[in-house]
Amino acid sequence: MACLLLAALALFSLNAGGDYATTGVGKLFMEALGPVQKLVSVAGGTVDRVWRRYFALVGTQSQNEKLKAELARLKQELSDMEELKLSNVRLSGLLGLKQKMKSPVVAAQVVAADPTALFRTVIIDKGSKHGINPPMPVVHSQGVVGRVVAVSPNYSKVLLLSDPNAGLDVVVQRTRTRGVVQGAGPGLLKLKYILPTAGVTEGDRLIASGMAGLFPKGLLVGTVKSVKQETRGVFQEVEVVPVVDFDRLEEVLVVLEKPVSIAPEEKAPSKKRGGK
Amino acid sequence: MIGDSNRWPAMAATLVIGFFLVVASTTVFGWFQIYSLKVRPLVALVVWAGFSLPLIGGGLVVILLAYLADLVSGGMVGLQIISMVVVFLAGGLAGRRLEITAWPLQVAAVFMLSLLYQLVFWGALNLAPRLHIQPSNFPWMIPPQALLDAAVAPLFIFMVNLLVRWLAAFWRRMDTRQGGRAA
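Order-wise, the sequence lines are chains A and B.
Residue numbering for the first sequence follows the working numbering, starting at 94 and increasing by one per position.
Residue numbering for the second sequence follows the working numbering, starting at 2 and increasing by one per position.
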């Protein structure tokens with residue numbers, strides 16, 4: 094019993110001070126888990142589609158079975174086309190972003206999410222074989238997604254911006270005020286170090302500042318949801334809604350090299366109006 | 002505790018089901034998330050393993066499964082290992098006096114040990130030298146998460162028992178066949 098506990102403690106201590114990088118054994122297990130996760134995701138998606146778009150229609154009425162079958166078939170076709178259209182829109186968005194990026198990017202599919210509600214990570218189906226390494230930035234046509242924290246040859250773990258351990262240097266687009274965005278759980282971010290004099294208001298858009306050299310400057314991060322004065326301290330409590338819906342991520346782009354900035358037409362119009 | 006003849010089938014069943022539960026927890030179970038609450042049948046499996054499996058063999062299986070869970074999670078490697086090993090050992094100690102064959106006992110055991118699992122996890126998270134900021138509502142989510150873990154436990158324990166029985170029958174058939182050939 095003591096041996097088991099000691100072994101567990103030893104493993105914990107060995108890894109406690111390190112970063113997310115996995116060992117050779119870890120990479121091997123990630124490789125073993127990845128295909129199964131991908132298979133379950135794809136199979137689950139198909140079952141979900143079939144369930145929602147076909148079986149839900151069957152058995153609603155006993156009469157006019159032929160008409161119903163025809164209707165179901167047509168609806169299936171329609172929903173398939175809608176699915177294709179939606180995929181097309183998503184992929185066009187990614188393609189547009191890919192063309193605007195000055196750095197090479199790799200498109201990847203999200204195959205799994207974090208099993209705990211404490212951490213916000215996803216697994217994508219591209220890894221070191223495709224040139225991906227920590228801490229490469231991960232983006233989406235809508236904006237910033239997160240950064241790579243661990244890789245195996247064919248899979249990578251991405252720490253989402255909504256994770257409380259993720260942080261990003263941002264600029265408030267309207268006021269040019271700089272701050273740091275930090276994950277605050279599902280569907281919410283916090284903008285930190287904002288003084289009351291900065292003039293940040295509800296609805297302000299936040300963009301990546303490009304200061305840390307990780308994310309391309311100008312990428313959209315989120316919109317300010319509320320601004321309150323902190324009960325203690327000099328800064329304001331600013332809640333931000335991310336532009337990316339992290340729960341519905343399907344495809345992402347991994348930026349392979351250190352980016353300079355995104356193409357000018359994508360950049361926000363900058364008007365200097367006060368700030369910190 | 003599982004009898005000697007069923008020891009290997011039980012460990013194999015735990016490993017197989019555990020592997021699929023790790024995969025499912027990152028895919029299928031994520032779709033049924035209620036706010037911050039997620040279905041975590043792996044905890045129920047570890048509790049069952051504590052009550053049913055031998056210390057060394059079961060412990061190694063649990064460490065392997067917890068390591069897999071650590072790999073697919075955003076936490077550091079070791080968090081799940083330490084938490085699950087503690088739960089396994091607690092289950093093993095309780096298993097000396099108690100058997101969780103009836104579903105109310107399974108629910109009660111998983112509820113108690115899920116609380117323990119989350120407290121150890123929380124403690125380890127706070128002790129870790131790397132900064133891990135927890136959501137402010139984390140302590141408040143511990144009891145409802147334990148309730149959810151307990152509620153789904155009988156179903157998954159039934160599945161493991163079913164697989165153990167099936168594997169044990171398969172094992173016996175293989176043994177008989179081999180015995181017949183040797184004779």
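Worth flagging that the hints you see were computed from the coordinates, not collected in a lab.
Since we're looking at a predicted model, the values are computed, not measured.
For glycine and all other residues, C-beta sits at the position ideal for the given N, C-alpha and C.
Do not take every clue at face value.
[What the hints assert, rightly or not] With beta-carbon atoms standing in for the labels, derived distance ranges:
hint, chain 1, residue 1, chain 2, residue 2, range
1, B, L61, A, L281, 24 to 30 Å
2, B, I57, A, L121, 22 to 28 Å
3, B, E100, A, S319, 30 to 36 Å
4, A, M174, B, I57, 53 to 59 Å
5, B, L61, A, V140, 44 to 50 Å
Here is how each hint holds up against the structure:
no.	hint	in the structure
1	B/L61 / A/L281: 24 to 30 Å	violated, 40 Å
2	B/I57 / A/L121: 22 to 28 Å	holds, 24 Å
3	B/E100 / A/S319: 30 to 36 Å	violated, 53 Å
4	A/M174 / B/I57: 53 to 59 Å	holds, 57 Å
5	B/L61 / A/V140: 44 to 50 Å	violated, 34 Å
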